[in-house]
Amino acid sequence: MGKKIGLVSIALIVFMVFLMAFVSIASAAPGDHSNVVNTVHNVTRGLPGANPCEGCHIPHDASGAFLWARNPHASGGGSSVGPSSTTAIKPLCYSCHDGTVAVTGMKTVFDPTKANHKTKAASTLITSGSQKGQPYGPGRDCDLCHNPHDDGNTDFLIYGRTGANGAHVTVTPGGNVCVACHAGNLDASLGGTGINHRTHIVPSAVSMPIDAIWNPFAGDYTGTRLFDPTTNLVSAKANAVLACESCHTPHGSITDENSLNTMAPAQLCINCHK
Amino acid sequence: MKSRRFWYLVLVGGALTVLAVSLVSGCAGSENNGTVSTSAGQLVPGQGSENESQPVSDKVWQATLALHVEIGPSLPADQPADMAVIDGTMFVVDTGHGQLVEVTADGKSSLVLDGQVDPKLVLSAPMAIASNQGQLYVADSGTGRVLILAPSGKVSQVITLARGNSADALPPRPIGIAVWSDGSFAVSDANNHRLIKYDTAGNLLWTVGSGVPATGENGFNVPGGLALDRDGNVYVVDILNAQVKKYSADGKFVSAFGQSGDTAGRFSRAKAVAVDDAGNIYVSDSLAVAVQVFDQAGTYLGLVGRKDPGDQNSAPLFEAPHGLKIMDGKLYVVDRYAGLFVFDLPATPQGAGS
Numbered sequence: 001m002g003k004k005i006g007l008v009s010i011a012l013i014v015f016m017v018f019l020m021a022f023v024s025i026a027s028a029a030p031g032d033h034s035n036v037v038n039t040v041h042n043v044t045r046g047l048p049g050a051n052p053c054e055g056c057h058i059p060h061d062a063s064g065a066f067l068w069a070r071n072p073h074a075s076g077g078g079s080s081v082g083p084s085s086t087t088a089i090k091p092l093c094y095s096c097h098d099g100t101v102a103v104t105g106m107k108t109v110f111d112p113t114k115a116n117h118k119t120k121a122a123s124t125l126i127t128s129g130s131q132k133g134q135p136y137g138p139g140r141d142c143d144l145c146h147n148p149h150d151d152g153n154t155d156f157l158i159y160g161r162t163g164a165n166g167a168h169v170t171v172t173p174g175g176n177v178c179v180a181c182h183a184g185n186l187d188a189s190l191g192g193t194g195i196n197h198r199t200h201i202v203p204s205a206v207s208m209p210i211d212a213i214w215n216p217f218a219g220d221y222t223g224t225r226l227f228d229p230t231t232n233l234v235s236a237k238a239n240a241v242l243a244c245e246s247c248h249t250p251h252g253s254i255t256d257e258n259s260l261n262t263m264a265p266a267q268l269c270i271n272c273h274k
Numbered sequence: 001m002k003s004r005r006f007w008y009l010v011l012v013g014g015a016l017t018v019l020a021v022s023l024v025s026g027c028a029g030s031e032n033n034g035t036v037s038t039s040a041g042q043l044v045p046g047q048g049s050e051n052e053s054q055p056v057s058d059k060v061w062q063a064t065l066a067l068h069v070e071i072g073p074s075l076p077a078d079q080p081a082d083m084a085v086i087d088g089t090m091f092v093v094d095t096g097h098g099q100l101v102e103v104t105a106d107g108k109s110s111l112v113l114d115g116q117v118d119p120k121l122v123l124s125a126p127m128a129i130a131s132n133q134g135q136l137y138v139a140d141s142g143t144g145r146v147l148i149l150a151p152s153g154k155v156s157q158v159i160t161l162a163r164g165n166s167a168d169a170l171p172p173r174p175i176g177i178a179v180w181s182d183g184s185f186a187v188s189d190a191n192n193h194r195l196i197k198y199d200t201a202g203n204l205l206w207t208v209g210s211g212v213p214a215t216g217e218n219g220f221n222v223p224g225g226l227a228l229d230r231d232g233n234v235y236v237v238d239i240l241n242a243q244v245k246k247y248s249a250d251g252k253f254v255s256a257f258g259q260s261g262d263t264a265g266r267f268s269r270a271k272a273v274a275v276d277d278a279g280n281i282y283v284s285d286s287l288a289v290a291v292q293v294f295d296q297a298g299t300y301l302g303l304v305g306r307k308d309p310g311d312q313n314s315a316p317l318f319e320a321p322h323g324l325k326i327m328d329g330k331l332y333v334v335d336r337y338a339g340l341f342v343f344d345l346p347a348t349p350q351g352a353g354s
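So the protein sequences, as listed, match chains A and V. Quick note on the numbering used here: the first sequence kicks off at 1 and runs consecutively. Quick note on the numbering used here: the second sequence kicks off at 1 and runs consecutively.
Looking at chain V on its own, in the form it has when it is part of the complex:
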């Protein structure tokens, strides 16, 4: 019968379709597992496998809270992002007010440093600060400049960061800064996804990053906080790639680690970095609300920032931890809402060593 044959053909056609589509869709797409190889070709997994399936870790990083300065009369700042320390005195970038706030080591009093101290001290959304040889280097993201000044607030040099070469290059927006002992400095440019280094005269030395969001050894997707280790290597928080990347002082890629996620040892939204003398890498994460610590291989070692240090699930100390500095055995943390925290680190280095 004609109709029976018709329906038979419909059945065959449908079966062929299902077969063809299942064959085509069997091909898997590419996968980004968030690991990066070191220059030696060794894969850096990011954390131990025991963290892969459990959100809780019993790893505790020793750090004793020594001082907490809340935002208020002792710290009249609006969403401070970073601080530098000179002889115990803390110089805080007050991002919201566009000024610096100098806070005494005991956290009891402060002094505002702004245009009234020096007319050249004009800041608009300063996001990062570092110190070297008694001088302060401020990354002013609103104006795309770096200001070098004395602790008194007197500005000695203003460097306007140069735009990239591309016609599409956006104005530089520096949100991280690190300074070497010879006075050269590097900034992370969030608008153009690059790490740039200048000498003391303001000459551009080298650039890492192509000017657009990128992955890999020499690419960034919003580079954030910077830090140096004792060997002069510079560490960059690659915020949207959930990585911390390490480069030599002359801009050569060394290694990287990091994986996105909201379990222990992973990056929710990493912001800034600091390195202790043993080579342990501290990473502030404003969404994980903690400072997580890793060794040079990227192995997770523990976190700082819980009211009960022994219980990772206890209430957090922080609201939105951001800028970090390690000096003279202390860990300094700037929190955008909760203010300044100073922790004493143990005299004996923790972790597996560098």
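Extracted from the complex, chain A is given alone in its bound form:
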């Protein structure tokens, strides 16, 4: 009798171990895609019968890669969203970020008179920074820098804004959205001269910018700006510091796509160095 109970107990224990192992494997997150549930890109927002992916994907009857429910390509090819745009992702982003579903992006990224960060590089591999060796390749579009599934870095950026010491946009390879690719231009150890305009400093009283506002949402496309070193947000407080984005902007620039400045060249320097 005791032997039988012992055997049953062992069988039950083994059963439970297998069950727990199976459940833990089955419920493991498949990767950053599952993080979309907690972002604003979960457009079905827990509606009954809907899944969080179907804002952009559909499991059946799709006609393209990634199971697009919303084909980012025009049927039959050709451009969509902006003159001579033939890229894949941008139309899908604009389909919401056009002032209907979302209001962000309309006055910067998608303003046809403003410049944006290039999304097709001449070379096929990133040559420096934390992303060294990663391919650009055709089809790299908004997704060059943004992952619509994961908002861990804010603005759905693939690369974090904060450096290792938590400061905003420091020249720290691997910890910064700009130097993720541009480190070679900035860091002597990676082939650049290492001599660059300082960032992460508080301007002196003499060199505080005359025009310290760059806010395209208010229609102000020209001006520099300073950042709070702890929150990484635009700030006018006394401890606000310079950052890459004080003088440059990846979207909505009034200068060309090579310099992406927030002010015209003739005004940029003297805005601070009067």
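Bear in mind the hints are in silico, worked out from the structure with no lab data behind them. Check the hints yourself; a few may be wrong.
[As the list claims (entries may be wrong)] Derived pair list, reagent style DSS-like, types lysine-lysine, alpha-carbon separation capped at 30 Å:
#1 A:K274 <-> A:K114
#2 V:K154 <-> V:K120
#3 V:K330 <-> A:K114
#4 V:K252 <-> A:K114
#5 V:K154 <-> V:K307
#6 V:K108 <-> V:K330
#7 A:K114 <-> V:K59
#8 V:K154 <-> V:K108
#9 A:K237 <-> A:K274
With the hints as your guide, set chain V onto chain A.
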């Protein structure tokens, strides 16, 4: 032997586990097939079954391109979203610049209507416009207001849309507008997922939608463009539910159709709607880059917007088609990047009728 018995138990335990899990996972989850029943209880499938498995359709909707005004000197606009037509003159909402642009019927010249014409004409991201009895009604999404003005630009009335009753209600963000012949109007509120109707004095008449994203007959997930048919019913593009929903003039649900997808007759990202006198429903889709046409039952009839109208796979005419109007036998399409398009519709109504 003890060890042999141990491994025998492991085997049995594993087999039981597999059996138990397969039984549990056999239960299927709920499914959203995107169809909605009409008030009469009839299911509206959305399109014919022949479209279910093929991306290409040979259905052509007759529409002859009569005018294309590109963004530029004749149309100095930034991402225009909609237009209203009065006696052939086109009044375009210039969303990016926060102004209206009046374009002559031949598309050759234009006039900007902004605060310089009337200090009360202050717009911030206007997204929709409609006309009635020679007056223009502009839905200004940036300020949550509707402005009623004369074609000259003189503002006669400004109505600030009221917030919803819930403590969580967001500021109203109107992105669609329709006006009845008595001057009452409805707007779609994208922030609060509702359709709201006002009388000419600015009194709220009725609301459809609970204030949060919802599905079903009286729910929306970002309601977009609006249009009226000749009987005064109002049609709403329910953008993220991939539906077009129809309501009577007093806000009662009538019918709905639509299914998401990137094949013919499905909605990729529908934006605006218009209805012709035969009751055919035109839906602009900025991601399908076309204006798709359906009958009252939601059956797909064809599309407008290819350089070769007979070949759905030919290059598109549009970049991001948005606002629609049908007037006097013409289809007007506002494209956020490509400008204004005017199509002549055939004199004899197409489709199966209303």
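So, going through the hints one by one against the coordinates:
1. A:K274 <-> A:K114: Holds, at about 27 Å.
2. V:K154 <-> V:K120: holds (8 Å)
3. V:K330 <-> A:K114: violated (34 Å)
4. V:K252 <-> A:K114: violated (45 Å)
5. V:K154 <-> V:K307: violated (39 Å)
6. V:K108 <-> V:K330: Answer holds: V:K108 to V:K330 is near 18 Å, not above 30 Å.
7. A:K114 <-> V:K59: violated (39 Å)
8. V:K154 <-> V:K108: holds (23 Å)
9. A:K237 <-> A:K274: Holds, at about 21 Å.
The earlier numbered hints that this structure contradicts are 3, 4, 5, 7.
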